[in-house]
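In case you want the letters, here they are:
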Amino acid sequence: MKKEHIRNFCIIAHIDHGKSTLADRFLEHTHTIEMHTVDQILDDMDLERERGITIKAHAIRMKYNYKDKEYTFNLIDTPGHVDFSYEVSRSIAACEGAILLVDASQGIEAQTLSNLYMAVENNLEIIPAVNKIDIPAAEPDELKEELAELLGVSEDEVLLVSAKEDIGIDKLLDAIVEEISAPLSKYSETRALIFDSQYNQYRGVVVYIRVFDGALHKGDKIKFFSTDNIFEIEDIGHFGLKMEPCEKLMAGEVGYIIAGVKQVREAKVGDTITLADNPTSHPLKGFKHPKPMVFSGIFPMDGANYNNLRDALAKFQLNDTSLVYEPENSLILGFGFRCGFLGLLHLEIFKERINREYGISIISTTPSVEFIIKKKNGDEITIDNPAQMPEQVEIESIKEPIMDCEILVPTEYIGNIMKLAQERRGVQKNMEYIDKKRVSIHYEFPLIEILFDFYDKLKSVSRGYASFDYEYREHRIADVQKVDIIVNGEKVDAMSFIVHSDKAYSWGKSITEELKKVIPKHLFKIAIQAAVGNQVIARSTINALRKDVTAKCYGGDITRKRKLLEKQKKGKKRMKEVGNVSIPQEAFLAVLKADRS
Amino acid sequence: MINNISIYIHIPFCIKKCNYCNFYSVPYKSNLVNNYISCLKKEIENFSPSDEYCVNTIYFGGGTPSLLSFHHLFKIITAIKNEFTIAENPEVTLEANPVNITKTNAKNWKICGINRISLGAQSFNNSELEILGRLHSEKEIYSAVEIIKEYCTENVSMDLMYGIPFQSMKTWTSSLKEAIKLEPKHISSYCLTLEKGTYLSDKKDEYSFPDENMQSKMYEQMITVLEKNKFYQYEISNFSKKGFESKHNLNYWKGGEYLGFGASAHSFYKMKRINNFSDINKYIEELAHKNPPIEKSKQISHREFISDKIVLGLRLNKGISISEFRNKHNFDIEKEYKDVLKKFFESGYLTKQNDKLKLTSKALFVSNSILSDFV
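Each protein sequence line maps, in turn, to chains A and B.
Residues 1 to 597 in this note's numbering are what the first sequence spells out, letter by letter.
Residues 1001 to 1375 in this note's numbering are what the second sequence spells out, letter by letter.
Looking at chain A on its own, in the form it has when it is part of the complex (with noise of 0.2 Å):
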């Protein structure tokens, strides 16, 4: 195959933009697939579909005719948050194009900026298309004013499509080939990027790969070069529908290789594979390491689940090259793991899926980021679980992680930003317009404040449309202190948390308030505690249960009185037992809904 007649283009879009759909409707004009037999191909895992977002890259081969001649189009699907950034980074790096994507009726989102950032920095051609355009709040029009401002285009390139309606499908498909470049070649020595790369029971790791430079052919010996690890490969192929075994991959071809290659760890995405006999010298740039920020204890509901979780965790990680995890042990909730995450998203998705796919009900601890804390005697310790904190007087001081945050928000609501942005200790740094209407504000936040409820508050305080995006800038010396959460004279380990100074009363008071909520009132008066140290700072107080009684039992219905009962046993039974006090599973959780402002 000609390297000319190969594209390579990913889709930049937000979230619900439309990017799935028209990814089936490209896989249905390419004939890749007959008309309407599968919904939106590419997004494979049950949650994901749930979620609308994609938690894992993956790649089509499709053929394309344009002008009589047969193009090869590789298109490359980008994960839509921004937990997964980096993912996206190398999956962008893998291509020669991008289609920006942006929904007629919400415009353009932080994140969606972002990721176009990303591609315009990897030098990608850009091709803006509107989508939805059918539907009845759409403003076409203004967006595509707005995109050719935004790309320094004319009006008339900005492409208009409805994904769903199939309309101007063909044009887009076209663009393609004529906007975006062939894939070039720099070096005679093999290079190939690792964009992604998931674990299958039977096969081990499958990596996917998009080849620069030189080729790749089965039986090759190949090395990874941030690892010098040597693998054989095995089975080399591209991506239709399913994997299509072949012979070799040339430069500017995207596949995979199978190169019994047992955890996706060792196959890092972003990493460089050249052949290992004839080594290149110059690795792709941009790898990266990936780096969790966002720590919590996991703990199975029930103690005798250990190892079933233990094994889970194993291979969960096989395919899951950024979750990190050590044993760890609670006085609560017994034997867990310390697990590290990209991001809360990052959690709540590893949470839902260890449910869900190995059946273990999971208990959480507060999330928390890892502080990097200077003691008295010069000893320097990181530490990501506030249960490691040392005593008050041992600390010389704490440095907490802060982050490099974009907001894009409409000039209207600059006024909330600010506000909210002051209450979560953000700096601001500078702020740009986009065009009339919209500004991008530069910020540095400490990350812990923009970890629980930020989100939810920046969309609340600017009707939904203000976006963000960040990433992590460096850890800085804070006032930080460990809250304790007591309940009946109980420290409940897995509830404290550290926090600024300032807002350890704040926080202390909603958690606690939070909690009264969630556990259920009990035979005798339960006290809710918030403590810095031995002092305590903040309390509720939950009576104790005047009445729990079914006052009229006969009629003979005792099936109806007995499901009752049993139900009551049952949310028993789904609570961790603190002292004399069942704590239900959703109490760990509402330590998270507490109001941080």
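Treat each hint with caution, since some may be false.
[As the list claims (entries may be wrong)] Here are the computed lysine-lysine pairs in the DSBU-like style, where the Cα-Cα straight-line distance is at most 30 Å:
hint, chain 1, residue 1, chain 2, residue 2
1, A, LYS552, B, LYS1290
2, B, LYS1181, A, LYS491
3, B, LYS1342, A, LYS567
4, B, LYS1181, B, LYS1203
5, B, LYS1338, B, LYS1356
6, B, LYS1016, B, LYS1103
7, A, LYS567, B, LYS1042
8, B, LYS1242, B, LYS1017
9, A, LYS573, B, LYS1358
10, A, LYS563, B, LYS1362
11, B, LYS1338, A, LYS563
12, B, LYS1298, A, LYS569
13, B, LYS1362, B, LYS1217
14, A, LYS569, B, LYS1185
15, B, LYS1358, A, LYS525
16, B, LYS1242, B, LYS1217
17, A, LYS262, A, LYS248
18, B, LYS1177, B, LYS1247
19, B, LYS1358, A, LYS576
20, A, LYS552, B, LYS1298
21, A, LYS218, A, LYS262
22, A, LYS552, B, LYS1358
23, B, LYS1342, B, LYS1356
24, A, LYS186, A, LYS2
25, B, LYS1254, B, LYS1170
26, B, LYS1075, B, LYS1247
27, B, LYS1352, A, LYS567
28, A, LYS491, A, LYS459
29, B, LYS1185, B, LYS1110
30, B, LYS1318, A, LYS563
31, B, LYS1242, B, LYS1342
32, B, LYS1075, B, LYS1029
33, B, LYS1342, A, LYS516
34, A, LYS573, B, LYS1103
35, A, LYS552, B, LYS1217
36, A, LYS285, A, LYS429
37, B, LYS1204, A, LYS552
Hints are computed from structural coordinates only; laboratory data are not their basis.
Just so you know, these numbers come straight off a predicted model, no measurement behind them.
Position chain B relative to chain A; hints supplied.
Then chain B, alone, in the frame of chain A:
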């Protein structure tokens, strides 16, 4: 060996549904009633009881069984007598609404063999009665009791209710005292429960209900007042003069067998829990097609039987007999529920006196929290 069994007859007709009631009932229409009574008769006749059973209680519940005419009631009683062996002095109860109490009715009931009337008094406060959607006034309760005692039976039970919107401790206490003055033999008393779909539940925002705390105090008050007047509490919500406990209900709480006839009636027979169709038309239709009107029948395990028996038995003030479970059912409560017992002995919600395991007085109004550990 002869086993006692109870019979429950459901009469699902009401002139008007009460504002708190979610039991199955339909408006009284004479055609439908005729039809229903024939079906009831058929259901009873189709049932062929094993010889070892002897009926010692019969209970007409509803709905409003006191709406039935003499010949309807007589038909059913006759059917039961023809099909079953009846004990020598069976307890035969009829639930009655004060508005239906007339001399003629009372006499007829006596002829049918009714020897216990459960009177739905609910309250002696007219505005409370109105909120509950009852058709009677305070005055009608007095005359009703008088007539029943004179023409039917001295064995009168009265239902009273607390937790009614706008009810105060004062009006509650006064209802209790008025009831006592009428010298019933038995008092059942329930806290108003808001059931979904009832009038009061739909309108709950318009009323002010006594809170849990108040309800709990009303419960305590009731126990104090009734005990002082020699009504002995023998179950969470039931009080009686010595020897006048409801035998029919005791049978439920002791895990005995019972047969329910009529729409939505339940049975427990030969380790099966059975319930009939609730819908009266469906019930009639099934019988017209010569089918048993059963919606669901479930064989329960020995273990389920045991836990039901414990949960029900603990409702009784005298509690459950540990040795009975051991000897009769081969079940060691103290071993099987070791941790649960320990927990509740320590916190003072359960007590063991000789062979009897019982709830303590402070446990009664929160009993589900304790009982749910036994299911």
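How the hints compare with the structure:
1. Of the pairs offered as hints, the one joining LYS552 (chain A) and LYS1290 (chain B) is violated, with about 34 Å between alpha carbons and a cut-off of 30 Å exceeded.
2. A hinted pair counts as satisfied when its Cα atoms are at most 30 Å apart, and LYS1181 (chain B) with LYS491 (chain A) does not qualify at roughly 56 Å.
3. Between LYS1342 (chain B) and LYS567 (chain A) the CA atoms are separated by roughly 22 Å; this keeps the pair inside 30 Å, and the hint holds.
4. Restraint check: the Cα-Cα separation between LYS1181 (chain B) and LYS1203 (chain B) comes to about 34 Å, which exceeds 30 Å; the hinted pair is violated.
5. With a C-alpha separation of about 15 Å, the suggested pairing of LYS1338 (chain B) with LYS1356 (chain B) holds against the 30 Å cut-off.
6. Proposed proximity of LYS1016 (chain B) and LYS1103 (chain B) is supported: the alpha carbons are some 23 Å apart, at most 30 Å.
7. Under the criterion of a C-alpha separation no larger than 30 Å, the hint pairing LYS567 (chain A) with LYS1042 (chain B) is inconsistent with the structure, at around 37 Å.
8. Our distance criterion of 30 Å between C-alpha atoms is broken by LYS1242 (chain B) and LYS1017 (chain B), whose separation comes to about 34 Å.
9. Our distance criterion of 30 Å between C-alpha atoms is met by LYS573 (chain A) and LYS1358 (chain B), whose separation comes to about 24 Å.
10. Taking the CA atoms of LYS563 (chain A) and LYS1362 (chain B), the gap is near 24 Å; set against the 30 Å cutoff, the hint holds.
11. A C-alpha spacing of about 23 Å is found between LYS1338 (chain B) and LYS563 (chain A), which places the hinted pair at or below 30 Å, so the restraint holds.
12. At most 30 Å may separate the alpha-carbon atoms for a hinted pair to count; LYS1298 (chain B) and LYS569 (chain A) meet this at roughly 21 Å.
13. For the given pair, LYS1362 (chain B) sits about 12 Å from LYS1217 (chain B) by alpha-carbon distance, which is consistent with the 30 Å threshold.
14. A hinted pair counts as satisfied when its Cα atoms are at most 30 Å apart, and LYS569 (chain A) with LYS1185 (chain B) does not qualify at roughly 37 Å.
15. With a CA separation close to 24 Å, the supplied pair LYS1358 (chain B) and LYS525 (chain A) stays within the 30 Å bound.
16. Using a Cα cut-off of 30 Å, the hinted pair LYS1242 (chain B) and LYS1217 (chain B) holds, with the two alpha carbons roughly 25 Å apart.
17. Straight-line distance between C-alpha atoms of LYS262 (chain A) and LYS248 (chain A) comes to about 22 Å, which keeps the hinted pair within the 30 Å bound.
18. With a C-alpha separation of about 25 Å, the suggested pairing of LYS1177 (chain B) with LYS1247 (chain B) holds against the 30 Å cut-off.
19. At most 30 Å may separate the alpha-carbon atoms for a hinted pair to count; LYS1358 (chain B) and LYS576 (chain A) meet this at roughly 28 Å.
20. Taking the CA atoms of LYS552 (chain A) and LYS1298 (chain B), the gap is about 23 Å. The hint holds against a cut of 30 Å.
21. Under the criterion of a C-alpha separation no larger than 30 Å, the hint pairing LYS218 (chain A) with LYS262 (chain A) is consistent with the structure, at around 18 Å.
22. Taken as a hint, the LYS552 (chain A) and LYS1358 (chain B) pair is honoured in the structure, with Cα atoms around 19 Å apart against an allowance of 30 Å.
23. Restraint check for LYS1342 (chain B) and LYS1356 (chain B): the C-alpha separation of about 15 Å stays at or below 30 Å, so the hint holds.
24. As the CA atoms of LYS186 (chain A) and LYS2 (chain A) are separated by approximately 16 Å, the hinted pair is consistent with the 30 Å bound.
25. Taken as a hint, the LYS1254 (chain B) and LYS1170 (chain B) pair is broken in the structure, with Cα atoms around 35 Å apart against an allowance of 30 Å.
26. Under the criterion of a C-alpha separation no larger than 30 Å, the hint pairing LYS1075 (chain B) with LYS1247 (chain B) is consistent with the structure, at around 24 Å.
27. Between LYS1352 (chain B) and LYS567 (chain A) the CA atoms are separated by roughly 27 Å; this keeps the pair inside 30 Å, and the hint holds.
28. At most 30 Å may separate the alpha-carbon atoms for a hinted pair to count; LYS491 (chain A) and LYS459 (chain A) exceed this at roughly 35 Å.
29. Note on LYS1185 (chain B) and LYS1110 (chain B): the hinted pairing holds, with a Cα-Cα distance of about 17 Å set against a maximum of 30 Å.
30. Distance hint between LYS1318 (chain B) and LYS563 (chain A) is fulfilled; the C-alpha atoms sit about 25 Å from each other, no more than 30 Å.
31. Simply put, LYS1242 (chain B) and LYS1342 (chain B) have alpha-carbon atoms about 33 Å apart, too far for the 30 Å limit, and the pair is violated.
32. For the proposed pair LYS1075 (chain B) and LYS1029 (chain B), the alpha carbon gap of about 18 Å is at most 30 Å, so the pair holds.
33. For a cut-off of 30 Å, the pair hint linking LYS1342 (chain B) to LYS516 (chain A) stands: about 28 Å separates their Cα positions.
34. Between LYS573 (chain A) and LYS1103 (chain B) the alpha-carbon distance is near 56 Å, which puts this suggested pair outside the 30 Å criterion.
35. Of the supplied pair hints, the one linking LYS552 (chain A) and LYS1217 (chain B) holds, its CA atoms being roughly 18 Å apart against a limit of 30 Å.
36. For the suggested pair LYS285 (chain A) and LYS429 (chain A), the alpha carbons sit about 28 Å apart, so the restraint of at most 30 Å is met.
37. Distance check on the hinted pair: LYS1204 (chain B) and LYS552 (chain A) sit about 21 Å apart at the alpha-carbon level, within 30 Å; holds.
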